[in-house]
Every structure is written in structure tokens, then in C-alpha cells.
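K.L.:
Sequence:
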Amino acid sequence: MIKIFFAALFIFLNCGILSAKEALKESARVLTIEEFIKTAALKDTKFEEILIDEMTLQYKKGLGLPASDIVLSVKSQYEFFLNQDESGVAATAELSKLFPFTGTDISAQYKTVPSAVPGSDSSAMALLISQPIAKNAFGKATRLKDKIIGAGIDVIKYQVTEAYEDYLANIITAYFNWYLAYENLKIGESSYNQNLELLKNIRNRSKNNIALPIDVNKINIQVLVKKENLITLREKYDNTLIFIKQAIRAGDDEALEPADPLMYDNRKISFDEDYKNFTQNSRTYRILNLLEEKSALKVSEDADALLPSTNLLLSYGMTGDDTGIKNPEDTLFAGVELIWPFPNQANRAGLETSKIASQKTRLSNANKYIQLRTDLKALLIQIAKEQKLIAIADEKINIANSILKDETVNYSYGKVSLNDFIDASNRVDENKFNKILRSVQLKILMTEWFRMTDRLISAKDIR
2 MIKIFFAALF IFLNCGILSA KEALKESARV LTIEEFIKTA ALKDTKFEEI
52 LIDEMTLQYK KGLGLPASDI VLSVKSQYEF FLNQDESGVA ATAELSKLFP
102 FTGTDISAQY KTVPSAVPGS DSSAMALLIS QPIAKNAFGK ATRLKDKIIG
152 AGIDVIKYQV TEAYEDYLAN IITAYFNWYL AYENLKIGES SYNQNLELLK
202 NIRNRSKNNI ALPIDVNKIN IQVLVKKENL ITLREKYDNT LIFIKQAIRA
252 GDDEALEPAD PLMYDNRKIS FDEDYKNFTQ NSRTYRILNL LEEKSALKVS
302 EDADALLPST NLLLSYGMTG DDTGIKNPED TLFAGVELIW PFPNQANRAG
352 LETSKIASQK TRLSNANKYI QLRTDLKALL IQIAKEQKLI AIADEKINIA
402 NSILKDETVN YSYGKVSLND FIDASNRVDE NKFNKILRSV QLKILMTEWF
452 RMTDRLISAK DIR
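According to my numbering, the sequence shown is numbered sequentially starting from 2.
Think of the hints as simulated: they come from the structure by calculation, not from any bench.
Note that CB positions come from ideal geometry on N, CA and C, so glycine has one too.
List time: in silico DSSO-like cross-link candidates among lysine-lysine, alpha-carbon distance up to 27 Å:
(1) Lys-356 / Lys-62
(2) Lys-436 / Lys-378
(3) Lys-148 / Lys-61
(4) Lys-187 / Lys-397
(5) Lys-148 / Lys-295
Restraint-style ranges between C-beta atoms, simulated for each label pair:
(6) Gln-247 / Lys-369: 30 to 36 Å
(7) Leu-58 / Asp-273: 32 to 38 Å
(8) Asp-254 / Ala-68: 55 to 61 Å
(9) Leu-333 / Asn-84: 32 to 38 Å
(10) Arg-30 / Ile-371: 45 to 51 Å
Could you put together the complete structure from these sequences and hints?
P.N.:
Laid out in C-alpha cells, this is it:
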């Protein structure tokens, strides 16, 4: 009879019973990780906040480059010649346009000039073309500025994608932690219910003088320990669920249940292949290359600023009488305008500072390349460690179950104490907790691997 009782007890300990929460599973919506990511990307405004930074990029060049607008300037004034008791309107109208990428500045002007002598008013028209040939020669400085701004825009685009990927990794990790808390809660509930049933059976045996009162107290303490643990596990689960519901904007009363996230179970890592692809195609390397290119362009821009401001001038003018340029006289001239500050202290200091900054960028990038490879190597070691620990955890669970089975039989014959039986039961729970922890930790490390190698998401996935 005793053997039958403990055989039934062992089956019960391994199978568990349905808790109140598990009995309500049918009413909970199973939320897979794929559905969670998709819903969070659509509803979590943090993603939108990250992407909104790109909206200003289309205006960067408009703010940073010289304007190519057509500028209309009009000035009019009424002049009085007090000594001659004469008056007249002096007016000037000018149209000008800069062609930034060639540096060419074209302006056309018309003006009227009143005279103190009656009938001697005059007017003039002029067309002027100015072309820089040293500083900003044929728009060189503007083209450099355009490349610098373009490189900066590309860097920001990549950084936006990086920020999106970083937050996505946090979202995925949150789901893994939710799943971990859920599985731990199931193990805790099962263990608590098993010990409640064990307490009930021990009490019945005590009434029949088969078990001692101390055995009842030992199991009672065990039940209280399991209850304490269950309260802690419930708190952890509730805390993880809060973030999950926040991310998908779910209602407080909506019942959700995670599914086993299998997204990385069949993914394999080849360091040499993945690292080669990372150095050739990753956003991280593109950002570092762009920063180096940007610093080199800045040196060229500051070197151009040291040149004298030298402009070739070509002008055609026409002057005549009255406001309609009557009896016109045409003039045509060509010339050179030169402005050359000595010793140009500010620009020289700017150039030397840019050279130092460029060198610092190259050194910083070289260090980052080394650090990235080191970090990936270390991460790969962690992944390999977790894979080995998971295999060990599986083996420990099998051994612990076998020990529990044997200890159940031994206790039924009085070969071991109740303490040994309780220890064997607790070891099964501990190994189950350890196995799920290792499994989730491996998934988190795999997520970090794909995040660090810029393969968790691509730019086309978010645009």
C-alpha cells in the first residue's frame, strides 16, 4: 500500500496539477514574438519618435549651403534740392542670383538719379558677373560643404536606423524576459501545488500514525517557502507584463500569454564569415568611414578658406537721360577684385585644428575597429558558454528526475529521511529554473550578436 502511494506521488510530482491561472489559459490571448514585434513597431510611439529625426534631414542642405534664390531689391526715395527748389525720385531696383556650385554671382541693376538742374535727371542700367578664381574657385568650397553635409546626413540616417535597432533589441529582450518570468511562474505554481498535495497526504498519513508530526511540519515549512517564492515570481511576471502591454498599447484587463520564442533556435554563427560581412556591409563601419571622410573634407574646406578672395569681374553698363535711359552711353569693363587678409590668423588656426581633428578621428576609428572585434569575440565566447550550460542543464534535469524517482522509493521503505526526499524534489525545481534561465539568456545573447553586427534590422524594414 505504501509503495502504491509513493508511486502515485512520484507521478504527481512530475506531472503537476493545474493551477487556477493555468485553468484560465483558454481565455488568455497567446501573443507570439513575431506578432508582438509587429504590433509594437506600429503602436509604440518610441519607434515613431526615433524615426522623426529623419524628417529634418531634407532641410540640412538648405540650411547649410549658400542660397541660390533670385533676390529682388528695391529702394525708392524722394530727394529735395533745397538750394535750387527742385525735387525728384531716386529709385534703385536690382535682381541678383548666386549659382552656388560654380560660385558665379550675376546681378542686374536699374536706377534713376534726380538732378538739381531741371531736365537733367538720369538713369542707368548695369549687368555684373562675378566669378571667384581662388578662394571658393568656381564653387569648390560650396561643393566641399555639400559633401560634408551629405556625409553628415548619411551618418544621421545610419544612426537613426541604429537607434531603431537598439530599441527593437530592447523590445525583443523584454519579450524574452516576459517568457522567462512566465515559465518560472509556471514552475513555481506547479511546485507549490505539488507541495500542497504532499502536505495533504502527509497529514492523512499522520492521522493514520504512518507519518510523524515532524514530517508534517517539515512539509508545511516547505509549502510556505514555495508560497514565498511564488509571490516573488508573480511580482516579476507582473512587472514584465506591464512593459509588454505598454509596448503594444494593450488594455490593463487584457489577458496575454507568451509563446516559446523560437526565432534563434536554428541560427548558427560563423565568426569569420559574420565578421567579414560586418566589416564590409555593416552600418557601423559605414558610419566610421563617413566620419573619417567628413573630417578629411573639413580639412580641405579650411585649406580653401586660406586662399585670397579673388574675383574676376565682367560688367556691361548703360547710362542715359531721364528715366528711360535716353541718349544712352554704353560701357563694358573687365577687372579683378582681390581681398587677402594678413596673416589670416583665424583661418590658419581653423586649418590646423581640422588637421588635428581628422587625425583624432582616424585614431579613434582604428581603436573602435579593434574594440568591436574584441567585443564580438567576447560575445561569441558567452554564446558558446550558454550553449554548453544548456546541454548540462538538460542532463542535470534528467539525473534529478531519476534521483527523485529513486528517493521516492527509498523513502517509502524508510531507507532515506524526509529531508533527502525534499532535497531531491527541490533539485528538480532548481534545475528547471536554471534550464529556462540559460535558454532565455542564450536568446538574449543571440539578439545582441545580431544587433552588434547590424543584422537585426535593415533600413528598408523601417522605411
